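Heads up: the sequence lines are chains A and B, in that order. Here the numbering used here is used: the first residue of the first sequence is 1, the next is one more, and so on. Here the numbering used here is used: the first residue of the second sequence is 1, the next is one more, and so on.
Hints are computed from structural coordinates only; laboratory data are not their basis. Treat the hints with caution; some may be incorrect.
Claimed, not checked - Pairwise CB distance ranges, derived in the manner of DEER restraints: (1) B:136 / A:426: 42 to 50 Å; (2) A:425 / B:11: 16 to 24 Å; (3) A:344 / B:11: 19 to 27 Å; (4) B:70 / A:426: 49 to 57 Å; (5) A:224 / B:40: 32 to 40 Å.
Keep in mind it's a predicted model, so treat the numbers as computed, not measured. All residues carry an ideal CB built from backbone N, CA and C; glycine is no exception.
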Amino acid sequence: MFYNEDFETLPRQALEALQLKRLKSTVERVYLHVPFYRQALDKAGIRPEQIKTLEDLQKLPFTYKQDMRDSYPYALFAARMDDIVRIHASSGTTGKPTVVGYTRKDIDNWSELMARSFVSAGVHKGDIIHNAYGYGLFTGGLGAHYGAEQLGASVIPMSGGNTKKQIMIMKDFGSTVLTCTPSYSLYMAEAAQEEGIDFKTLNLRVGIFGAEPWSESMRKEIEEKLNLSAIDIYGLSEIMGPGVAIECLEAKSGLHIWEDHFLPEIINPETGIPVAEGEKGELVITTITKEGIPLIRYRTRDITSITYEPCACGRTHARIARMSGRSDDMLIIRGVNVFPSQIESILMEIEGVEPHYLLIVDRKDNLDTLEVQVEVDEQLFSDEVKHLQVLALTIEKEIKDLLSVTCKVRLVEPKTITRSEGKAKRVVDRREIR
Amino acid sequence: MKVEQISVFIENKSGRLAEIARILGEAGINIRALSLADTSDFGILRLIVNDRETAKQVLKEKGFTVSKTEVVAIEVPDRPGGLSNILQFLDQENINVEYMYAFVERCGENAVIIFRFDETERAIKALVEKGFNVLEGERLYQM
């Protein structure tokens with residue numbers, strides 16, 4: 001089943017011709033409208049008209065997340081604010097988020113790609129989609145929502161949290177499709193069990209899970225416990241949001257990246273040079289239809305591989321493998337992106353000194369947990385318990401306010417956190433993404 | 001009239017208190033009084049010792065976070081109502097007690113109560129004026 005069969009099954013040659021045409025127009029657009037790109041291209045000594053083949057893409061400079069931070073809030077927009085109809089953002093290092101803007105056409109394209117993604121997962125008009133991705137600045141909720149409406153399915157805008165209510169609604173409303181993070185789905189399964197509700201009695205048929213890394217064994221567990229078919233979806237707000245790539249129900253073997261809108265490359269993160277087909281490397285994406293904030297060769301930092309082998313489902317778009325890690329130190333905690341440096345700067349704000357801290361990420365009852373250990377030195381120490389408790393609570397609150405992540409602060413004795421070669425290890429990730 | 005207390009940060013895990021006792025014992029430090037405030041994660045050990053400087057130094061050398069805190073020691077007769085008199089007076093004077101602990105003198109008939117006030121100077125002045133027996137630090141250290 002397809003949502004847009006012509007485009008989803010476009011023969012490779014026609015697809016590449018379309019990609020080249022769209023790439024050219026994107027490069028022209030950013031050169032004309034975005035000073036950052038004009039400077040970057042001038043510096044690289046390349047002009048838009050020199051892009052003559054898809055291979056010429058490699059002559060273009062990379063775009064990094066830092067470039068987006070430096071352009072806060074709107075400097076990378078390639079459309080006039082008049083034409084921007086939606087703004088989303090993800091959390092940033094010093095409290096400043098990474099901002100993305102969408103034109104009407106961007107929203108239409110995003111809705112279509114999400115609708116395509118739903119169909120690829122086996123969802124159709126008539127389905128009742130229980131959307132438990134967070135609504136708000138995060139792209140997950142609204143992205144899936146618009147796609148569901150575009151498809152003509154019934155969407156329940158649940159957003160996250162309030163698990164008991166989620167289960168009640170899923171049961172009473174007869175939801176057939178669940179969209180949320182994979183770990184939250186397992187959490188719901190356990191909560192349902194406690195309520196004495198068996199997922200086998202629900203109408204759920206398909207689950208579309210993303211926004212955090214997961215694994216084949218987790219898929220098996222989810223499919224057993226929730227009695228549905230679990231599909232992996234990929235997206236990131238910088239590029240669009242959810243629906244950049246998705247598995248097909250037929251093969252469940254790699255995620256089709258919508259190549260008529262995104263140009264994927266897999267590179268060696270150290271050298272920046274493309275790796276061979278099937279080899280692991282960092283995913284780099286160039287958007288070729290976006291108007292609001294087109295990105296050239298954006299370094300996603302996600303590690304995957306790509307294959308152009310034909311797929312059982314008939315889609316001609318390349319497939320990327322399940323994400324197997326990051327080429328930077330970003331953590332994904334309950335679907336929220338967290339960099340250790342963000343927590344470091346929050347601690348610095350509070351303490352006024354460079355803190356010794358350690359982040360311990362774990363998964364308990366299928367939910368990610370974050371513990372922030374902070375060494376108590378003489379400057380922080382007080383002989384009064386309440387002062388230290390207030391300190392811990394203040395840190396917890398600041399992290400929650402700025403990063404939208406709930407954490408537990410544990411005050412520890414000095415030198416508890418191991419230092420190696422003068423530089424401390426900052427993260428212990430005990431989650432097993434098997 | 002102030003007494004110097006040593007405060008030590010300890011994580012709430014087994015063996016930490018024993019470690020501190022061992023370090024102080026090996027350094028020949030005599031503990032006069034102590035109290036431990038604890039939460040589920042950490043504790044604060046408060047000590048009155050005979051040799052504050054050495055105690056602080058050896059604990060710091062072993063990696064503990066140590067601070068010195070000024071507290072007030074008051075001697076009261078070791079009989080019912082001894083503590084109540086002081087607390088009632090402090091309440092009248094609106095003097096806030098952050099925390100306190102007490103011990104009974106070795107062979108005397110008195111108890112010593114150690115107070116941590118938020119306004120130490122004002123508390124001492126009021127207590128002395130009222131005739132309470134506020135102890136000198138030196139006396140306590142050598143008690």
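For each hint, the structure was consulted:
1. For the pair residue 136 of chain B and residue 426 of chain A, the beta carbons lie near 49 Å from each other, so the given range of 42 to 50 Å is met.
2. For residue 425 of chain A and residue 11 of chain B, the hinted distance range of 16 to 24 Å is satisfied, since their beta carbons lie about 19 Å from each other.
3. The hinted window of 19 to 27 Å between residue 344 of chain A and residue 11 of chain B holds, with their beta carbons roughly 22 Å apart.
4. Between residue 70 of chain B and residue 426 of chain A the C-beta distance comes to about 37 Å, which lies outside the given range of 49 to 57 Å.
5. With their beta carbons about 36 Å apart, residue 224 of chain A and residue 40 of chain B fall inside the hinted range of 32 to 40 Å.
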